[in-house]
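Here the structure of chain A is known, so what remains is to put chain B in place on it, guided by the hints.
Listed below are the residues making up each chain.
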Amino acid sequence: MTPRAKAVVDKSMPLLSAVGLFVVWELACRLFAVPEYLLPTPSASFLAAWTYRDAIWMHALQTLLTTLGGFALAVAFGVLLGALVGSSRAVYRAANPLLIGFNSVPKVAVVPILVMWFGIGTVPAVLTAFLISFFPIVVNVATGLATLEPELRDVLRSLGATRTDILLKVGFPRALPFFFASLKVAVTLAFVGSVMSETVASNLGVGYLMMSASSRFNMPLVFAGLLVIAAMGIAMYGAFSVIEHRSTRWAHRGGESL
Amino acid sequence: MTAAFVDLDRVTLRYGAGDTLALSETTMKIAKGEFIAVVGPSGCGKSSLLKLVSGLMRPSTGTVIVNGQEVTGPLKIVGMAFQNPTLLPWRTTLDNVMLPLEIVEPHRRRLRGARAEYEERARAMLASVGLAGFEGKFPWQLSGGMQQRASLCRALIHEPDLLMLDEPFGALDAFTREELWAILQDLWTRRPFTVILVTHDLREAAYLADTIYVMSKRPGRIVHVRRNELPRPRTLETTFTRDFTDLVHELRNHISAVRAAQDTIPEDAR
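The listed protein sequences derive, respectively, from chains A and B.
Anchor point for the first sequence: position 232 equals 232 in our numbering, and the numbering is continuous, going up by one each time.
Anchor point for the second sequence: position 121 equals 121 in our numbering, and the numbering is continuous, going up by one each time.
Extracted from the complex, chain A is given alone in its bound form (with noise of 0.2 Å):
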């Protein structure tokens, strides 16, 4: 193969594995004739998605904005307490177990608590998205500012730099990749969080269509809005992925990023 063709094919591998995936759940469906009530066929799912395509564009939307907003306030919240476990070891012994401890409960236990305080909608959906994705950002802030090496410390202490000055100069650009890559993670936790609390406890949302279409089984359009937050997950992957790439060059020399 030639090199260029070797690029090509290198290009369009993600497209390739998407359509070879349709292609074999399409051929499985007919072959065994798997019932739509089941699982629906991929063609049957976007012809759902063409069909629903107003009312999938409004609850998708709605989706898409409370993911990010409780991704925006993960990633605030998590960058301070990072910033703090990460700089301060006193922090770091009080907040850990109670962090890990947080992060081991399973949110969708937490939604019915959120509705009692804050009632259906949009507001535990922001909620639930912001606290299962701010654990990532929380670890990968802390770790890396806590592995600073300890020769750099010592080179920038003897030369009279305050704590602040080794944060800001080095700690902060340091941490920068850890950051990023646990932002890619994060995000597509939102998705989950806000979902699942469209799918409990919401009249709006791409998770409440959900809901709502398999109560008629409607399994096209189920599936249908499956593939929508999958879609818009692979998207925010691929943007956090690019804005990584761009702002710690250093960090990923000689390689494709994941």
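Honestly, the hints are just simulated from the structure, not real lab data.
Keep in mind that a hint or two might mislead.
Going by beta-carbon spacing under 8 Å, a handful of chain B positions derived as facing chain A [unchecked claim]:
#1 Ser54
#2 Met57
#3 Pro59
#4 Lys76
#5 Thr86
#6 Pro89
#7 Leu99
#8 Glu102
#9 Leu111
Here are some of the chain A residues that sit facing chain B, going by a computed Cβ distance under 8 Å [what the hints assert, rightly or not]:
#10 Val24
#11 Glu26
#12 Gly160
#13 Val170
#14 Pro173
Only a predicted model underlies this, so the values are computations on that prediction, with no experimental measurement involved.
Even glycine gets a Cβ: it sits at the ideal position worked out from N, Cα and C.
Structure of chain B alone, referenced to chain A:
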């Protein structure tokens, strides 16, 4: 004799719960502008010595006096370089060298207004170690020897009175190492500053230092002090002279004696 610039008086350093003795009763007097080397087997507390002098650690007993003042916290007049060049990968070579200027007063205050002037100084410094033309490169685009030169520039850009070197050339190949000895000697001749070099390369110590301290390990103790009167500037030719090899042999014998003495200790303890 004038007062020493760095004066360690019976300094002892214990680690942790007071069991491990890293340094024991160490006394050193280093004159201003003197280049000293500390040699010894690994794990003999050489690095602890640097941390004590620069104020990053406090002695358990004894006093450390630098420039007439007892050291009670990190000094602000020190430049440091380690075996690992520890350059910041997101900064260009030039910006790495200028890092101390962003921290040390009075440069910190002046930097914004006189950036061009300071940049010129950094460029000149890089040129003097043979890195002209590499200012805009990132550290990971430089070879190990080049990174170490940049690290030396960073340690000296703010014109510190005291330079601490912790096996700075330990990870380099022999040829690059000898090249950097000459560069370091040049820098030091041009603007004498006090240097404490920690190394286990005896030829390095003999090439660079005015005074060589031999240390034993566990506990670290100075067992021998040797003035090095070889004429300066020393060159690669110097390292082939009789005086030089004799000096290295002498040091080598002291190290062997130290190591032999230690090897018998476990048997005594049995």
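To see whether the hints hold, each was checked on the structure:
| no. | hint | result |
| --- | --- | --- |
| 1 | Ser54 | 5 Å, holds |
| 2 | Met57 | 10 Å, violated |
| 3 | Pro59 | 17 Å, violated |
| 4 | Lys76 | 3 Å, holds |
| 5 | Thr86 | 5 Å, holds |
| 6 | Pro89 | 5 Å, holds |
| 7 | Leu99 | 7 Å, holds |
| 8 | Glu102 | 7 Å, holds |
| 9 | Leu111 | 13 Å, violated |
| 10 | Val24 | 43 Å, violated |
| 11 | Glu26 | 48 Å, violated |
| 12 | Gly160 | 3 Å, holds |
| 13 | Val170 | 7 Å, holds |
| 14 | Pro173 | 5 Å, holds |
In summary, the numbered hints that this structure violates are 2, 3, 9, 10, 11.
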